[in-house]
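Trainee: Chain by chain, the residues:
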Amino acid sequence: MQTVEYLLHGFAIALTWKNLFFCLVGCLWGTIVGVLPGVGPLAGMALLLPLTYKLDPTGAIIMLAGIFYGAMYGGSTTSILMRMPGEAASVITCIDGYEMARKGRAGPALFLAGAGSFVGGTLSVLGLMLFAPVLADAMLRVGPAAEFILMVFALLVVSFVAVGSRLKVVAMIVVGLLLATIGIDSLTGWTRFTFGALELSDGLNFVALSIGLFGVSEILLSFEESLKVKPIKPTLRQLLPSKEELRQSRWPIARGSVIGFIFGIFPGVSHIVSTFVSYAVEKRLSKHPEEFGHGAPAGVAGPETANNATTGSSLIPLLVLGIPAIPSTAILLSAFLIHGVQPGPQLITEHPEVFWGLIASMYIGNVILVALNVPLVGIFVNLLRIPFGYLAPIILLISIIGVYSVNSNILDVWIMLGAGVVGYLLRKFGYDVAPLLLALVLGDRIETNFRRSLTISDGDYTIFMQGSAARVFICALALVLILQGIAMAAGYGKRAAAARSPTKAGNQK
Amino acid sequence: MLKNINPRAGELCIAAVLLALAGFVIFEGTKMPIGTWALPGPGYFPIALGIILAVVSVALLFRRPDGEQPVELFHTDGLMTIAAVAIAALLFERIGAIPAFAIFLSALFYLLGRARWWSALAMGIAGAGLTWLLFVYLLQLQLPGY
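Chains A and B, in that order, are what the protein sequence lines are.
Sequential numbering from 1 applies to the first sequence in the numbering used here.
Sequential numbering from 1 applies to the second sequence in the numbering used here.
It is worth saying that the hints were derived from the structure and are not from the lab.
Careful: at least some of the hints might be erroneous.
[Said to hold, decoys possible] With beta-carbon atoms standing in for the labels, derived distance ranges:
id, chain 1, residue 1, chain 2, residue 2, range
1, B, 51, A, 418, 24 to 32 Å
2, A, 462, B, 6, 47 to 55 Å
3, A, 285, B, 122, 52 to 60 Å
4, B, 33, A, 17, 37 to 45 Å
5, B, 80, A, 199, 48 to 56 Å
6, B, 51, A, 481, 37 to 45 Å
7, A, 418, B, 133, 25 to 33 Å
8, B, 4, A, 460, 53 to 61 Å
9, A, 202, B, 86, 50 to 58 Å
Glycine is no exception: its CB is placed at the ideal position from the N, C-alpha and C atoms.
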């Protein structure tokens with residue numbers, strides 16, 4: 001009952017003209033960045049971050065969150081009409097979405113993607129609303145030792161699900177943790193790796209690094225791809241799916257909501273993984289698996305529902321634990337901190353207007369997004385006509401302003417450029433930069449909690465196993481390590497078998 | 001543009017840079033108070049991370065590359081973009097943000113958008129004007145010179 005009261009209070013905040021406007025701007029910009037290849041939700045949020053500096057925290061978070069979940073809606077449009085994912089979570093939609101479009105069913109494919117996104121997104125917010133306060137209450141009783149274990153667990157999960165070689169992922173995590181040590185040590189005041197630069201005393205500017213690693217590197221990579229695909233244009237009359245298509249999509253949407261919500265809680269690339277899992281589940285459960293890959297409606301509805309269902313649940317680690325599950329929520333974390341709000345277990349009690357205003361705005365945002373995406377799809381597709389040679393300078397200009405405005409420091413622009421070039425090179429050679437960014441965000445808290453725990457226990461390492469919370473996290477940590485070991489052993493086994501295989505040897509000749 | 005780069009060479013270079021970074025971090029870390037096993041100091045974490053990075057880098061040096069196809073690095077447009085951002089960063093505080101943005105936009109519209117020079121210049125100046133209107137006048141952000 002109390003939850004309903006809080007939610008009504010949230011709606012009173014979110015339904016003010018000002019916050020409705022911020023929600024609309026966020027959803028609109030999110031859809032645009034979702035449609036445009038090369039500008040994902042992370043870059044989209046980072047670009048609008050400077051616009052929020054003068055806003056109140058609630059309005060700022062409502063707008064940035066709107067970009068985050070809005071991008072998931074927009075990403076499906078280009079996947080279906082052009083076989084070109086607007087953002088990574090819509091890759092799988094290219095398969096059956098584009099095939100439906102080729103068969104003249106582009107409208108129904110967009111409708112099913114929109115409807116699934118709405119259901120998944122809304123149920124996910126419902127889950128966030130119900131679980132976050134309970135978890136936050138439990139987390140208030142967790143000490144620094146358990147918090148340390150929890151964060152190490154988060155990083156291990158990232159290394160488990162991240163793309164590419166495990167060794168490369170571990171290297172990126174360690175580099176991220178090392179970058180987090182730059183600046184003044186919070187426990188002793190000792191200055192580390194600043195080399196006399198006062199600007200580095202507070203550490204590296206996270207916004208500069210994230211825009212560089214993701215935004216600038218993405219632009220540099222985009223120059224190497226030619227995007228000359230002609231989109232298929234549906235008309236409004238062709239939008240409604242047939243009864244059979246609706247019937248085929250009903251359960252995939254329900255299952256996609258559950259899969260997306262569960263995967264969204266885990267750090268890493270949950271929004272991408274959930275779409276692949278949903279697709280695999282639907283294909284496995286389908287009476288006609290042979291239709292998958294040739295325009296099956298379930299192959300669009302399931303994954304699109306799943307990627308939107310991750311948006312609500314991926315906010316749980318951020319809002320309850322202060323841990324960003326994916327790089328996009330790391331930008332949200334920055335926005336919280338810039339506005340003087342510390343996400344974590346105390347957020348709901350200390351800033352209820354931000355938490356409940358955000359929850360209510362997400363319900364409203366999902367309605368806005370359906371209204372924007374389904375009938376106005378033709379307008380968004382026209383954005384793709386803007387040549388990249390004009391789009392890239394505008395994106396870079398806003399990036400420079402955004403990065404500079406955080407500290408009014410030109411060094412941050414240089415850091416952004418350097419991170420962009422390094423990110424480009426790393427991505428060219430198969431390194432995923434997302435774990436680096438998450439490690440950078442968590443690094444300081446991992447070190448501080450580790451050392452603080454040892455100070456409290458007078459150097460006794462058994463503190464990390466004391467208390468029920470710490471034991472639960474230790475068990476989870478052990479489980480992930482075992483799974484990692486099995487996955488690595490299986491990988492080595494497969495590679496060894498492939499190397500011994502005479503067919504492969506023959507092919508190599 | 002750098003063409004036909006062997007992926008093995010690229011991966012070896014990155015692993016070598018990571019190894020050098022690990023060595024540097026360990027060296028710098030030894031200049032800080034390391035503390036004890038029971039009560040770690042500010043140098044403890046960097047040194048521990050440096051050692052882990054060194055081990056991972058060595059493993060990366062001996063690892064088989066992910067792909068065998070030659071890699072192309074730095075498209076001409078990408079190099080021009082990097083140079084334009086660097087020049088904008090150099091000019092930003094010297095001549096003021098808005099003139100620097102006008103030069104930045106005009107140059108990139110001309111070089112990347114393949115616009116005619118007068119068209120690129122007009123769009124660059126208009127873009128810089130809009131930037132002033134939105135960020136300086138309406139949002140009151142503090143940019144150099146304004």
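Trainee: Against each hint, give a clear statement of whether it holds in the structure.
Mentor: Evaluation of the provided hints:
One distance hint, 24 to 32 Å for the beta-carbon pair residue 51 of chain B and residue 418 of chain A, holds here, with the actual separation near 25 Å. The supplied range of 47 to 55 Å is met by residue 462 of chain A and residue 6 of chain B, whose beta-carbon atoms lie about 50 Å from each other. Checked against the given bound of 52 to 60 Å, the beta carbons of residue 285 of chain A and residue 122 of chain B, roughly 58 Å apart, stay inside it. For the pair residue 33 of chain B and residue 17 of chain A, the supplied restraint of 37 to 45 Å is violated, since their beta-carbon distance comes to about 56 Å.
Between residue 80 of chain B and residue 199 of chain A the C-beta distance comes to about 28 Å, which lies outside the given range of 48 to 56 Å. Evaluation of the 37 to 45 Å hint for residue 51 of chain B and residue 481 of chain A yields a failure: the beta carbon distance comes to about 19 Å. Separated by about 31 Å at the C-beta atoms, residue 418 of chain A and residue 133 of chain B satisfy the suggested range of 25 to 33 Å. As the Cβ distance of residue 4 of chain B to residue 460 of chain A is approximately 57 Å, the hint placing it in 53 to 61 Å holds.
Between residue 202 of chain A and residue 86 of chain B the beta carbons are some 24 Å apart, a value that contradicts the proposed interval 50 to 58 Å.
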